[in-house]
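Engineer: Next come the chains, spelled out residue by residue.
2 protein chains.
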Amino acid sequence: MQIIDGKLISTKLKEEIANEVLQITSTGKRAPHLAVIIVGEDGGSQVYVNNKIKACEFVGFKSTHIELPESTTEEELLKRVQELNNDSELDGFIVQLPLPKHISEQKIIEAIDHSKDVDGFHPVNIGKLTIGLPGFVSATPFGIVEIIKRYNIQTAGKHVVVLGRSNIVGRPVSILLSQKTEHGNATVTVCHSRTPNLKEITQQADILIAAIGIPEYVTADMVKDGVVVIDVGTTRIKSDQTKSGWKLKGDVKFDEVSEKASFITPVPGGVGPMTIASLLANTLKAYKSKN
Amino acid sequence: MQIIDGKLISTKLKEEIANEVLQITSTGKRAPHLAVIIVGEDGGSQVYVNNKIKACEFVGFKSTHIELPESTTEEELLKRVQELNNDSELDGFIVQLPLPKHISEQKIIEAIDHSKDVDGFHPVNIGKLTIGLPGFVSATPFGIVEIIKRYNIQTAGKHVVVLGRSNIVGRPVSILLSQKTEHGNATVTVCHSRTPNLKEITQQADILIAAIGIPEYVTADMVKDGVVVIDVGTTRIKSDQTKSGWKLKGDVKFDEVSEKASFITPVPGGVGPMTIASLLANTLKAYKSKN
Chain D
1 MQIIDGKLIS
11 TKLKEEIANE
21 VLQITSTGKR
31 APHLAVIIVG
41 EDGGSQVYVN
51 NKIKACEFVG
61 FKSTHIELPE
71 STTEEELLKR
81 VQELNNDSEL
91 DGFIVQLPLP
101 KHISEQKIIE
111 AIDHSKDVDG
121 FHPVNIGKLT
131 IGLPGFVSAT
141 PFGIVEIIKR
151 YNIQTAGKHV
161 VVLGRSNIVG
171 RPVSILLSQK
181 TEHGNATVTV
191 CHSRTPNLKE
201 ITQQADILIA
211 AIGIPEYVTA
221 DMVKDGVVVI
231 DVGTTRIKSD
241 QTKSGWKLKG
251 DVKFDEVSEK
261 ASFITPVPGG
271 VGPMTIASLL
281 ANTLKAYKSK
291 N
Chain V
1 MQIIDGKLIS
11 TKLKEEIANE
21 VLQITSTGKR
31 APHLAVIIVG
41 EDGGSQVYVN
51 NKIKACEFVG
61 FKSTHIELPE
71 STTEEELLKR
81 VQELNNDSEL
91 DGFIVQLPLP
101 KHISEQKIIE
111 AIDHSKDVDG
121 FHPVNIGKLT
131 IGLPGFVSAT
141 PFGIVEIIKR
151 YNIQTAGKHV
161 VVLGRSNIVG
171 RPVSILLSQK
181 TEHGNATVTV
191 CHSRTPNLKE
201 ITQQADILIA
211 AIGIPEYVTA
221 DMVKDGVVVI
231 DVGTTRIKSD
241 QTKSGWKLKG
251 DVKFDEVSEK
261 ASFITPVPGG
271 VGPMTIASLL
281 ANTLKAYKSK
291 N
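Residue numbers (our numbering), protein chains in the order written: chain D, 1 to 291; chain V, 1 to 291.
Don't read these hints as lab results, they were simulated from the structure.
Ideal Cβ placement from N, Cα and C applies to all residues, glycine included.
Possibly wrong hints are sitting among the right ones.
Reference listing, derived: stretches of chain D covered by chain V, where coverage requires no fewer than 3 residues with Cβ under 8 Å from a Cβ of chain V [to be verified]:
1) 11-21
2) 40-50
3) 117-131
4) 189-195
Calculated lysine-lysine pairs in the DSS-like style (CA-CA distance at most 25 Å, straight line) [claimed, not checked]:
5) Lys224(D) with Lys199(V)
6) Lys180(V) with Lys199(D)
7) Lys290(D) with Lys107(V)
8) Lys290(V) with Lys62(V)
9) Lys107(V) with Lys180(D)
10) Lys101(D) with Lys247(V)
11) Lys199(D) with Lys101(V)
12) Lys101(V) with Lys107(D)
13) Lys107(D) with Lys79(D)
14) Lys180(D) with Lys199(V)
15) Lys253(V) with Lys199(V)
16) Lys243(D) with Lys29(D)
17) Lys180(D) with Lys101(V)
18) Lys29(V) with Lys290(V)
19) Lys149(D) with Lys224(D)
20) Lys54(D) with Lys285(D)
21) Lys158(V) with Lys199(D)
22) Lys7(V) with Lys79(V)
23) Lys62(V) with Lys199(D)
24) Lys290(D) with Lys7(D)
25) Lys107(D) with Lys12(V)
26) Lys180(D) with Lys158(D)
27) Lys285(D) with Lys107(V)
28) Lys224(D) with Lys158(V)
29) Lys107(V) with Lys158(D)
30) Lys62(D) with Lys29(D)
Same shape as in the complex, but just chain D:
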């Protein structure tokens, strides 16, 4: 059994990006530029945004951090989005979610120029992913595919079972792994809350992707020997063993499932660290498509 080190491969990916940026800037060209808009003062979001800005510094990107007050109207935010769309020296930007309730997230997402939508949430990018055209793949499915690539996990002809059908994880990763690509060609089953005989299906999985957000839901009796387990769950639960008073739990009962698995991602330290690297990779891709 091998524990997948998401931190390690995320660092490798970031180093590769940093090297590429160095090559670009050493020729006198400007560095790639990512902007992040955050509206309001959600504590979790601020941590995420700070991490994204730090990652930009690490790889040598220019970054712009735009903080707007909670009271920002939808119209005002749309205007800011338009300004960023029109900024020819900006390669990509994201609007950190969730947004305050008086703003339609979908309206904002659709207002972003899809060629700068490095979060990959615009319908054009989701549509392109679905039909196998190049575009921006959102962070978690990108990270999962990257893990599969870098650990040389074979997917062709394998049975992938995805637990969860969310628009940002289950659905896109199920599509990517089933497509006619080098790291696709799997037979893919999507299960969810309405699947009655879940265990019967998960037991068939060569690769199990758990993305349902129920801590320790997947137990050893649900998987077969040699399974590859990708755990996307990150639920905060109270803990008296940590200073902060809480810890992250995955969807998989790690101790017992890891005994049967050939590869398994831990939580934290598995898929999580890959997501910021994905954002950087998309921004570099946006830069290169225009420069």
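Please build the complex by placing chain V on the supplied structure of chain D, with the hints as guidance.
Structural biologist: What follows is chain V alone, placed relative to chain D:
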């Protein structure tokens, strides 16, 4: 066992649309308007286009048939698309595929205003379908869901196995049936040419959707008793039993599979007739969204 009568429900759907059009025009409003562009002289395409125009007449739509020569350049076609995009009295239009080889189909599809894309091929509409937002669903997946609705076939908690991962059939229908909707909520497995243990999986299907284009590929030993079979295959094969010298064959060996099935679509007369009705339904939807 019940044979699904695609012709019958297609006619019903068209009659419902015709009634709605009558109600609209009786108030003095203009009728919905569909345009079809055909480039070149592909025999098959001309038959399809004529059928679409006839169907428009049947339901009381205004229709415009634009025939362009094989020698039309991509630029010229893009110009025509732009004209139709800008025509405020046109609700929807399609560019009949395939196009001559010197024209990029994807470029043309992406040039169509997605709010007039009644074929449902624009990445925005595919993206919206993927994340469950309202938009235009393309003809065959639309027709399959309509069959399931009108025959009251339960999908929630059922295992749907889709044979084929094409962008116009297998992929979209697999997404639709797995979503959290009244006619969704199924556990869905997508199989394809790289699936090694196909029979093992198809035998689990409560609903089997065959869309691989290999005549009579699905045999009785591959399905369980009571299965619902939707056969999307339409391969022309030579026949000395018909005047034309050929007949249509589905992906399913009808005679033997029908003996085990609870519902089954025949070929021809199953999914096929639904596709034109889908186009009309999308055009009416486009009209209503603006009028």
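Engineer: What are the numbers of the hints that this structure violates, sorted from low to high?
Structural biologist: Per hint list: 1, 2, 10, 11, 12, 16, 22, 23, 24, 25 and 29 violated.
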